[in-house]
Amino acid sequence: MSVLTVDQVSIGFGGVVALDDVTLEIPPAEIRGIIGPNGAGKTTLLNVICGINRPDRGDVRLDGASLIGLKPSRIAAKGLGRTFQTARLFRGLTVLENMMVGLHLETRSGLFGAAFSSRAMRAEERELAERARRSLEFVGFAHLAELPGAALSFGQSRIVEIARTLIHEPKVVLLDEPAVGLSLNRSAELDRLLRRIRDERGVTLVMIEHVIRLVMEVSDRVTVLSYGRNIAEGRPADIRENPEVITAYLGRALDARRAAS
Amino acid sequence: MAWLTRRNVLLAGLGLMAVLPGFANPYALFVANLLLIYVILAIGLNLLVGYAGQLAFANAAMFGIGAYTTGLLQVNLGFGYWQALPCGALLAMLIGSAMAYPALRLSGLYLALATLAFAQFTQWVFLNWETVTYGAGGFKVPEVSFAWLGVPSHIGIYYLTLVHAAALFLIAWGIVRSPIGRAFVAIRDGEVAAESLGIDLLRYKALAFAMSGFYAGAAGGLYCAALNFVAPEGYDLFQMVLHKAMVVVGGLGSVVGSVLGATLLVLLLELLRGFKSSQEIVYGALLLAFVIFLPEGVISLVKRRLAGWEEPMRRHAASAEPPPSAAAEATEETGRP
Ligand SMILES: Nc1ncnc2c1ncn2[C@@H]1O[C@H](COP(=O)(O)OP(=O)(O)OP(=O)(O)O)[C@@H](O)[C@H]1O
Ligand SMILES: [Mg+2]
Chain A
1 MSVLTVDQVS
11 IGFGGVVALD
21 DVTLEIPPAE
31 IRGIIGPNGA
41 GKTTLLNVIC
51 GINRPDRGDV
61 RLDGASLIGL
71 KPSRIAAKGL
81 GRTFQTARLF
91 RGLTVLENMM
101 VGLHLETRSG
111 LFGAAFSSRA
121 MRAEERELAE
131 RARRSLEFVG
141 FAHLAELPGA
151 ALSFGQSRIV
161 EIARTLIHEP
171 KVVLLDEPAV
181 GLSLNRSAEL
191 DRLLRRIRDE
201 RGVTLVMIEH
211 VIRLVMEVSD
221 RVTVLSYGRN
231 IAEGRPADIR
241 ENPEVITAYL
251 GRALDARRAA
261 S
Chain B
1 MAWLTRRNVL
11 LAGLGLMAVL
21 PGFANPYALF
31 VANLLLIYVI
41 LAIGLNLLVG
51 YAGQLAFANA
61 AMFGIGAYTT
71 GLLQVNLGFG
81 YWQALPCGAL
91 LAMLIGSAMA
101 YPALRLSGLY
111 LALATLAFAQ
121 FTQWVFLNWE
131 TVTYGAGGFK
141 VPEVSFAWLG
151 VPSHIGIYYL
161 TLVHAAALFL
171 IAWGIVRSPI
181 GRAFVAIRDG
191 EVAAESLGID
201 LLRYKALAFA
211 MSGFYAGAAG
221 GLYCAALNFV
231 APEGYDLFQM
241 VLHKAMVVVG
251 GLGSVVGSVL
261 GATLLVLLLE
271 LLRGFKSSQE
281 IVYGALLLAF
291 VIFLPEGVIS
301 LVKRRLAGWE
311 EPMRRHAASA
321 EPPPSAAAEA
331 TEETGRP
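Heads up: the sequence lines are chains A and B, in that order. Per our numbering, the very first residue in the first sequence carries number 1; after that it's consecutive. Per our numbering, the very first residue in the second sequence carries number 1; after that it's consecutive.
In short, the hints are calculated from the structure, not lab data. Heads up, some of the hints might be wrong.
Said to hold, decoys possible - Calculated lysine to any residue pairs in the SDA-like style (CA-CA distance at most 25 angstroms, straight line):
id	chain 1	residue 1	chain 2	residue 2
1	A	71	B	35
2	A	71	B	101
3	B	276	B	105
4	A	71	B	206
5	A	171	B	191
6	A	171	A	70
7	B	276	B	35
8	A	71	B	100
9	A	71	B	192
10	A	71	B	237
11	A	71	B	264
12	A	171	B	201
13	A	171	B	169
14	A	78	B	104
15	A	78	B	201
16	A	78	A	154
17	A	71	B	136
18	A	71	B	27
19	A	71	B	276
20	A	71	B	201
21	A	71	B	102
22	A	171	B	192
23	A	71	B	108
24	A	78	B	202
25	A	78	B	192
26	A	71	B	106
27	A	78	B	136
28	A	78	B	200
29	A	78	A	59
30	A	71	B	98
31	A	78	B	35
32	A	78	A	26
33	A	71	B	203
34	A	78	B	203
35	A	71	B	107
36	A	71	B	104
37	A	71	B	94
Could you build the full structure based on these sequences and the hints that come with them?
So this is what it looks like as structure tokens:
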């Protein structure tokens with residue numbers, strides 16, 4: 001039984017077909033790698049799943065319930081988290097407060113509690129801060145808690161963004177190029193973190209990644225997109241050998257490199 | 001200067017305002033009353049612009065809606081002031097929250113233009129719907145009687161405004177330090193990310209617009225009673241620039257900064273009283289100078305120089321300087337910034 005289903009989804013922007021009849025079945029506690037050349041539709045796929053883009057056709061289901069037509073905030077409430085291609089910490093909030101935004105869905109105090117700084121609200125805030133601190137410890141960043149989001153390095157922001165998504169205990173997390181721009185050290189740290197998230201938390205991860213080493217090492221299965229179509233799917237070792245992938249993906253990557261130089 | 005903490009300064013200010021009617025002449029008291037009204041306006045605008053990051057230009061219009069509603073309900077429909085005042089604030093709040101719908105689709109400059117168009121439209125209504133609004137000449141509003149307290153009207157209104165300003169300050173202070181304030185700043189710093197964490201944009205934008213509308217509407221109702229007169233030019237574009245200047249000079253994303261900004265600009269307004277024609281230029285220039293040279297406002301200087309003025313880290317995005325350790329690590333990592 002899959003936790004996340006993408007069922008024959010198509011979407012176009014003007015003349016561009018970004019996704020063409022894409023189907024994915026992702027079982028619980030799996031790390032699914034998504035690879036494909038630039039413009040293949042990877043980010044669009046995540047945007048369709050999390051409700052930023054509405055597909056022209058097809059369905060997306062989380063635990064069997066359709067997500068189509070729901071606002072991103074509702075979809076988040078159903079247990080879907082995501083990180084972005086460029087990390088998006090809230091620059092004016094501290095790292096701890098950033099983590100507490102991740103707990104937004106669990107805050108119970110309302111307008112009146114806030115306006116009058118009620119005792120219940122303050123107690124809840126202390127409790128949320130405590131949980132946020134523990135989650136920062138999970139990724140080894142407790143010492144950064146009081147820094148403003150804007151002060152973190154690129155790699156640190158990445159990790160905090162992942163932790164911020166995890167804190168609400170989502171069932172599925174979508175990661176858009178989590179390793180881009182990371183140093184080798186941090187990238188290895190990320191490997192370990194992703195595995196721990198899967199193994200200790202039982203979270204399903206859907207990860208777009210250009211760093212082939214990372215995808216092949218941590219993914220349980222890999223899906224290859226090209227021109228908006230799902231052209232191959234399988235275990236990393238099989239994908240590496242797949243001739244269609246080699247021509248479509250590696251071939252195009254080589255073309256791109258030639259064009260760039 | 002360790003005693004010069006935020007708490008002490010604010011309490012001293014409140015104390016001074018509370019005893020002012022004992023020795024100030026009526027004109028000075030009127031200026032103090034005006035100052036309190038601008039404090040309310042600046043705090044309300046800062047919640048919307050500085051915290052929630054919505055670049056709206058309708059604050060003066062909301063101020064006008066509060067004043068016109070409070071005045072017209074009394075003059076045209078025979079309401080008492082005590083019924084008319086909450087009606088004005090609530091109507092501005094309702095109209096404000098309706099603005100969240102366009103704000104859901106528009107952002108930045110487009111939202112600024114849409115709200116500006118709305119503000120011009122309210123001006124047009126004030127000016128041209130003469131049978132109801134009395135047109136360009138405006139209309140007089142009866143004095144509010146405080147005979148039941150045994151004080152003259154202007155003193156009663158002054159204290160009413162002081163109580164409003166203090167209460168609305170405390171409410172804003174509570175809000176910005178709560179999960180709601182955090183959601184506002186999250187929307188300001190990254191709408192898409194905020195939404196992906198479960199923050200309902202419509203709901204929180206509506207709340208920010210509603211609150212700021214309520215503040216402006218209440219200020220309008222109090223202003224109507226302070227002046228006993230309502231006319232369109234009190235709520236025009238110059239007013240809007242004035243409110244904006246207060247928020248920017250004081251500090252975007254700081255409730256206390258709004259109080260400082262309103263105080264400084266009202267005092268400046270008094271100094272320039274004799275040079276009516278130069279006022280607009282001075283405010284425009286001041287706004288520009290702060291945007292360029294001190295974008296975090298006066299409050300940032302105060303925070304740097306005095307202890308006890310720290311606010312929860314709800315500052316404006318431009319501010320944060322990376323501490324040495326994080327900066328060092330940032331350079332160690334190569335790749336796309
Ligand atoms: N909002 C949009 N409006 C118009 N076109 C879009 C939009 N979003 C994506 N596209 C187009 O859809 C196609 C797929 O884009 P997408 O961003 O999903 O690719 P990607 O696989 O994530 O690429 P990259 O590896 O460069 O991140 C591209 O041709 C892109 O230009
Ligand atoms: Mg992409």
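Going through the hints against the structure:
Under the criterion of a C-alpha separation no larger than 25 angstroms, the hint pairing residue 71 of chain A with residue 35 of chain B is inconsistent with the structure, at around 43 angstroms. For the given pair, residue 71 of chain A sits about 15 angstroms from residue 101 of chain B by alpha-carbon distance, which is consistent with the 25 angstroms threshold. For the proposed pair residue 276 of chain B and residue 105 of chain B, the alpha carbon gap of about 39 angstroms is over 25 angstroms, so the pair is violated. Pair hint residue 71 of chain A plus residue 206 of chain B holds up; C-alpha atoms about 16 angstroms apart against a cutoff of 25 angstroms.
Under the criterion of a C-alpha separation no larger than 25 angstroms, the hint pairing residue 171 of chain A with residue 191 of chain B is consistent with the structure, at around 22 angstroms. This hinted pair checks out: residue 171 of chain A and residue 70 of chain A have alpha carbons roughly 17 angstroms apart, not beyond 25 angstroms. Distance restraint check for residue 276 of chain B and residue 35 of chain B: the Cα-Cα separation of roughly 18 angstroms lies within the 25 angstroms cut-off, and the hinted pair is therefore satisfied. With a CA separation close to 16 angstroms, the supplied pair residue 71 of chain A and residue 100 of chain B stays within the 25 angstroms bound.
For a cut-off of 25 angstroms, the pair hint linking residue 71 of chain A to residue 192 of chain B stands: about 11 angstroms separates their Cα positions. Between residue 71 of chain A and residue 237 of chain B, the direct Cα distance comes to roughly 36 angstroms. Violation of the 25 angstroms bound is thereby established for this hinted pair. The straight-line distance between the Cα atoms of residue 71 of chain A and residue 264 of chain B is roughly 43 angstroms, outside the 25 angstroms bound, and the hint therefore fails. Between residue 171 of chain A and residue 201 of chain B the CA atoms are separated by roughly 23 angstroms; this keeps the pair inside 25 angstroms, and the hint holds.
Restraint check: the Cα-Cα separation between residue 171 of chain A and residue 169 of chain B comes to about 41 angstroms, which exceeds 25 angstroms; the hinted pair is violated. Among the hinted pairs, residue 78 of chain A with residue 104 of chain B is consistent with the structure: their alpha-carbon atoms are about 22 angstroms apart, no more than 25 angstroms. Taken as a hint, the residue 78 of chain A and residue 201 of chain B pair is honoured in the structure, with Cα atoms around 17 angstroms apart against an allowance of 25 angstroms. Annotation: proposed proximity of residue 78 of chain A to residue 154 of chain A is violated, straight-line Cα distance about 29 angstroms (limit 25 angstroms).
Between residue 71 of chain A and residue 136 of chain B the CA atoms are separated by roughly 46 angstroms; this puts the pair beyond 25 angstroms, and the hint is violated. The hinted pair formed by residue 71 of chain A and residue 27 of chain B fails the criterion: a straight-line CA distance of about 54 angstroms is larger than 25 angstroms. This hinted pair does not check out: residue 71 of chain A and residue 276 of chain B have alpha carbons roughly 51 angstroms apart, beyond 25 angstroms. A C-alpha spacing of about 9 angstroms is found between residue 71 of chain A and residue 201 of chain B, which places the hinted pair at or below 25 angstroms, so the restraint holds.
This hinted pair checks out: residue 71 of chain A and residue 102 of chain B have alpha carbons roughly 17 angstroms apart, not beyond 25 angstroms. At roughly 20 angstroms between alpha-carbon atoms, residue 171 of chain A and residue 192 of chain B fall within 25 angstroms of each other, so this suggested pair holds. Our distance criterion of 25 angstroms between C-alpha atoms is met by residue 71 of chain A and residue 108 of chain B, whose separation comes to about 22 angstroms. Taking the CA atoms of residue 78 of chain A and residue 202 of chain B, the gap is near 18 angstroms; set against the 25 angstroms cutoff, the hint holds.
At most 25 angstroms may separate the alpha-carbon atoms for a hinted pair to count; residue 78 of chain A and residue 192 of chain B meet this at roughly 17 angstroms. At roughly 17 angstroms between alpha-carbon atoms, residue 71 of chain A and residue 106 of chain B fall within 25 angstroms of each other, so this suggested pair holds. Of the supplied pair hints, the one linking residue 78 of chain A and residue 136 of chain B is violated, its CA atoms being roughly 55 angstroms apart against a limit of 25 angstroms. Restraint check for residue 78 of chain A and residue 200 of chain B: the C-alpha separation of about 13 angstroms stays at or below 25 angstroms, so the hint holds.
Between residue 78 of chain A and residue 59 of chain A, the direct Cα distance comes to roughly 16 angstroms. Compliance with the 25 angstroms bound is thereby established for this hinted pair. Under the criterion of a C-alpha separation no larger than 25 angstroms, the hint pairing residue 71 of chain A with residue 98 of chain B is consistent with the structure, at around 19 angstroms. Between residue 78 of chain A and residue 35 of chain B, the direct Cα distance comes to roughly 48 angstroms. Violation of the 25 angstroms bound is thereby established for this hinted pair. Among the hinted pairs, residue 78 of chain A with residue 26 of chain A is consistent with the structure: their alpha-carbon atoms are about 17 angstroms apart, no more than 25 angstroms.
About 12 angstroms separates the Cα atoms of residue 71 of chain A and residue 203 of chain B, which keeps this hinted pair within 25 angstroms; it holds. Between residue 78 of chain A and residue 203 of chain B the CA atoms are separated by roughly 18 angstroms; this keeps the pair inside 25 angstroms, and the hint holds. As the CA atoms of residue 71 of chain A and residue 107 of chain B are separated by approximately 18 angstroms, the hinted pair is consistent with the 25 angstroms bound. Annotation: proposed proximity of residue 71 of chain A to residue 104 of chain B holds, straight-line Cα distance about 12 angstroms (limit 25 angstroms).
Pair hint residue 71 of chain A plus residue 94 of chain B holds up; C-alpha atoms about 24 angstroms apart against a cutoff of 25 angstroms.
The earlier numbered hints that this structure contradicts are 1, 3, 10, 11, 13, 16, 17, 18, 19, 27 and 31.
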